[in-house]
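Given the coordinates of chain Z, assemble chains U, B and E onto it according to the supplied hints.
Below, each chain spelled out in residue letters.
4 protein chains.
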Amino acid sequence: MLRTGVLGACGYAGGELVRILLKHPETRLTFLADEMFKGRPMGDAFSSLKGSDLPLCEPLDPEAAAEKADVIFLVQHNGWAMGVAPKLLAAGKKVIDFGADFRFRDPGVYAEWYKLEHTAPDVTKTAVYGLPELKAKAIQSASLVGNPGCYPTSAILGIAPLITNRLIDTSTIVVDSKSGVSGAGRSKLELGFLFSEVDGSVRAYNIGAHRHTPEIEQELGELAGLPVTVSFTPHLVPMVRGILTTAYASLAGKADTASLIGLYRDFYKDAPFVVMLDEGDYPATKGTLGSNYCHIGLKVDDRTGRVVVVSAIDNLCKGAAGQAVQNMNLMCGLDERAGLDSPAVYP
Amino acid sequence: MLRTGVLGACGYAGGELVRILLKHPETRLTFLADEMFKGRPMGDAFSSLKGSDLPLCEPLDPEAAAEKADVIFLVQHNGWAMGVAPKLLAAGKKVIDFGADFRFRDPGVYAEWYKLEHTAPDVTKTAVYGLPELKAKAIQSASLVGNPGCYPTSAILGIAPLITNRLIDTSTIVVDSKSGVSGAGRSKLELGFLFSEVDGSVRAYNIGAHRHTPEIEQELGELAGLPVTVSFTPHLVPMVRGILTTAYASLAGKADTASLIGLYRDFYKDAPFVVMLDEGDYPATKGTLGSNYCHIGLKVDDRTGRVVVVSAIDNLCKGAAGQAVQNMNLMCGLDERAGLDSPAVYP
Amino acid sequence: MLRTGVLGACGYAGGELVRILLKHPETRLTFLADEMFKGRPMGDAFSSLKGSDLPLCEPLDPEAAAEKADVIFLVQHNGWAMGVAPKLLAAGKKVIDFGADFRFRDPGVYAEWYKLEHTAPDVTKTAVYGLPELKAKAIQSASLVGNPGCYPTSAILGIAPLITNRLIDTSTIVVDSKSGVSGAGRSKLELGFLFSEVDGSVRAYNIGAHRHTPEIEQELGELAGLPVTVSFTPHLVPMVRGILTTAYASLAGKADTASLIGLYRDFYKDAPFVVMLDEGDYPATKGTLGSNYCHIGLKVDDRTGRVVVVSAIDNLCKGAAGQAVQNMNLMCGLDERAGLDSPAVYP
Amino acid sequence: MLRTGVLGACGYAGGELVRILLKHPETRLTFLADEMFKGRPMGDAFSSLKGSDLPLCEPLDPEAAAEKADVIFLVQHNGWAMGVAPKLLAAGKKVIDFGADFRFRDPGVYAEWYKLEHTAPDVTKTAVYGLPELKAKAIQSASLVGNPGCYPTSAILGIAPLITNRLIDTSTIVVDSKSGVSGAGRSKLELGFLFSEVDGSVRAYNIGAHRHTPEIEQELGELAGLPVTVSFTPHLVPMVRGILTTAYASLAGKADTASLIGLYRDFYKDAPFVVMLDEGDYPATKGTLGSNYCHIGLKVDDRTGRVVVVSAIDNLCKGAAGQAVQNMNLMCGLDERAGLDSPAVYP
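Taken in sequence, the protein lines are chains Z, U, B and E. Residue 329 in my numbering sits at position 329 of the first sequence; the count goes up by one each step and never skips. In my numbering, each residue's number is its place in the second sequence (first place is 1) plus 347. In my numbering, each residue's number is its place in the third sequence (first place is 1) plus 694. In my numbering, each residue's number is its place in the fourth sequence (first place is 1) plus 1041.
Just so you know, the hints here were simulated from the structure itself, not pulled from any lab data. For every residue, glycine included, the Cβ atom is placed at its ideal position computed from N, Cα and C. All the given hints hold, so there is nothing to weed out.
Once the Cα atoms are required to be at most 20 angstroms apart in a straight line, the calculated EDC-like pairs of lysine to aspartate or glutamate come out as:
| no. | chain 1 | residue 1 | chain 2 | residue 2 |
| --- | --- | --- | --- | --- |
| 1 | B | 717 | Z | 335 |
| 2 | Z | 23 | B | 720 |
| 3 | E | 1064 | U | 682 |
| 4 | B | 717 | Z | 26 |
| 5 | U | 370 | E | 1376 |
| 6 | B | 963 | Z | 53 |
| 7 | E | 1064 | E | 1376 |
| 8 | Z | 23 | B | 1035 |
| 9 | E | 1064 | U | 688 |
| 10 | E | 1064 | U | 373 |
| 11 | B | 882 | U | 537 |
| 12 | E | 1310 | U | 400 |
| 13 | U | 385 | U | 410 |
| 14 | U | 370 | E | 1382 |
| 15 | Z | 23 | B | 1030 |
| 16 | U | 535 | B | 884 |
| 17 | Z | 254 | Z | 302 |
| 18 | E | 1229 | Z | 190 |
Here chain E is said to cover these stretches of chain Z; the calculated rule only asks that three of the stretch's residues, wherever they fall, bring their Cβ under 8 angstroms from a Cβ of chain E:
| no. | region |
| --- | --- |
| 19 | 190-201 |
| 20 | 238-250 |
Just chain Z, same shape as in the assembly (with noise of 0.2 angstroms):
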């Protein structure tokens, strides 16, 4: 059975990946750690693994983690992994990091973005974007994966297939994107994420300056084959989980709706987690709910000649540590799905 370990279990997206890997048939949890919970069980950051069969949180230390376990998921903040992922990579370790240190094939748009000079470069040429619905070949033989940020994960999916097919005029992509909270983290203890400055509330934030920007824009491009840039809005909207993005994009040409949604299907027609949706129907949030899948629903719309084109998933699940077991899933040799296969809870 192979061994995981979790630098960084006891923010949100740690929590998820602990519970999903705590039901991974293929895998056993060896290792976890949390600066902020070091020595004491999980359940005492997460009520919900209270009595649950796991080791203790350790220290942040890397070198634990290479002994302790085979694949090494980085949950730590932007500028954390770069010092660490090569040691891992050098004692033959796979390594999927969380964060943008290793989601950028150009060092210089991780520096303007991030404001981060970038410390291992040579070894971020090695890293694969880990978006396994486009990548799975290099995936399949990657060491270190930079597990995509959540924005791009729902933003590329719903677009990719366009661009693919050369549908659209990529200068016209606006992509407005709706998030829940959790998001922000858990360790962001700021007046704007109370539940009192929350609930009931929708707002944009970091309007054309967020940096998952440069993500999307880089992925589109390659697709494309050229520069593309595209305006992003997030918008923070008063649930917990779940991303729902809107995209709009002028058509190159003629289409329809049926025609475009077939198109879909067959672009993912080897992808698990991708759920086409019939024409008319559009996804919402909750559909996705706790589980891995990205729902996508399109519309041509004949007056304005633009296609509208709305994907829905878990923001830390398929946003995050969901694509990351998935990610894990394809380097090991493991059924993609392992482990990520139920539902979403719904209601």
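Then chains U, B and E, alone, in the frame of chain Z:
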């Protein structure tokens, strides 16, 4: 004191209207009608009104309304007001309709989007589209006002200054709106509006087909002096009140955020209910809850050459009942702010 | 592999049952029935099940169920199962009823609280009240189980150790429960369950008159060996899932918090789904969401001589579908935890 | 016009107070202070107040307050007011304290529950517990009022008529309260108040140990003429505003629901903010949101010999700022309802 009457007092918009009129300093509620609650006190429909000093609900009888009130608010389904308003106007009443019957200058547009033949096209010609920030003068001399829809109110207020000043390419407008659930009304007992279905979920609906689209296009087109077509996508968000509209458009020339904010402030300098936020500040619906204010923030995105405008209102207040009272104030020569200047309830 | 069938698959409890059975390692869902969705896939009823590998819904036909399944779950309104269960039992099936028909040992109690004459009192005598933590033995040899109500599950698990150990004055029990809205079911399209009415609001209902009262009293009375009467007040809270029950009783003698917690741990030492919290720690429903666990905390209040016990469950899981599967596991000789040991989704 | 000042304007209770005073017809807000927002406009603290015509926030300086205002509201942490109020009183000011410093007649009780030595016991003797429904006379002639806690307001209003009329056994009182999260205040940036932790969850806290307990006991004891001890359990519910208190007590003799309701109506006949519901009707917090009203419903349960009383308030309004203004009105000879008679915002 002006006597006011409400035909349709016990839906959410009607209830909000009663709440506002109850404390209006220059008018008195003298007639309330609702088919479902006829013969009963308003407190039976809204526990918030238990013990209030209000007339009992009567049957939905326009003649009784005309007898007992000077200004009459019609808060019924689309298609109802066009049969009733002509008689009320003939009796010398001022009429404000919450439905769509008197919003369109072109009866063909109404027929196309609402699938209803208009039976009072002549009267419609005398009606004014009741968005006071754009049409205060016309409203002041009107006897019949078509009170705007909630989505159009937020969208038009957000975009109007850009079009009036010829700053954007009007073929590039995308309007992405996020609404609370109260907009669906109280009588719509559908599965999709149950708490268990709405809570924790965001979804898009009626993509490219929502009836508020032609309203937005009519008003923006009038400002532009040419036909305008917009991509409009409404979303349902797990909150009761509030609409946040995010509008995107390509700039016709160079512009920066600060100068556009200044231009908006100038545009709305006589509009007491528009609050223009500072650079870097974007509105949250929470800041408008229960109030008649519209908060607007914007950002010029140099990377994409687009401007992004975000506007927030309370859909039941500025998006319906509050705006109706604002219209009444103007129609009757009262202070535009009378009964409407309470700040939002926060948090 | 055991074949399972569900009569009533498309309400909230039915959907939860399908969600659990879909991943059950020892059984296979071979029959699904629902009148509203007959002929259609489960994904039409629950977007979370779109794309799942499940049989289509059939009409509500017990004979078809008996042909295709070995264990049959009845998820219909009260009064339905007593006409159906006898035939299924005669056909050698194991039957688990989600309704109240087979919960009461005294048909008079059923008639009094449910206003229904029982038509199968003899069969009822063979039924077991399906609370595994108290009746595992009897359930193991039962063919018919009356699956407990959601409120009684939380209340009885919270109070049972106190009564069994003769620690409280049974005439002083007050049970105050707070429930999410999904307990009202999916077909009840009433004003009171609309999002706009529920959100931001707590209310009590059916005070002293809720039909779950006699269930609580029956089971506590059996443990006490004498009739027990409780004050039970259910409340509706603005959340989808979860019940928190706060129970109060006067202590018969001296006791302290730590020793009572120890006594609870001993009482539930063989109950895999009861998690007893440490002193000073009280449960939140969030810690049980989507899981079959029941979290219990307690406090002895020396000032008043009362003990306060707080128990949390997911009403649809441990309070309905999860418990039903737990009962099936026992009835069929499977591991009590099979298909049920996933931790809660958090946050 | 009376000049009012607020020391601590930018917490939730302070903001609610400013919202109310801004529209008060007989007073003018002339002094606002808050350490965190000194030198800045209220709109920086609450987006709902952007554009309002209010003085800037000043430092927390009681002398400046005394110079600029006649009535001064102290909205600070417990222990702060006892150092400040004596000077303000000496300067001839009317003082209303939102904290606990002047709520207790016995300084020993204050010391025991708040772990603070009282430094102004003599001034405390002149203070009145500001629950106008019970103490209107005393408040009218008071210069210093200890504004009640939110939980005690709901509990005492619910139980007072029963005790005053000797209808219950005062040793059997159980008070189970469910509160929105805004009661925790705005500055408490704790994990437990993050949206992701609160949403979808109910929990009990401080069982038998909440500091509002002695307040309830003091006031009920005074009405009873003997010491009263109650079991009080506060709960956190996923909503922003509102408290619902469910109180249980054994009836001393026979009583029926209708007659008790009549008795309550008589008891509160001069209380403009208490709304007594009809038999079979129980309050929801939603009916009181943003208003100063308290809704009460009750039920006699013949089976158990207990009466169950349910009371609902808005914790920030009737439970804090609204009640403070009601006290000011009485202290200053104004109409008790001035500035407070707006109905709740619904839905």
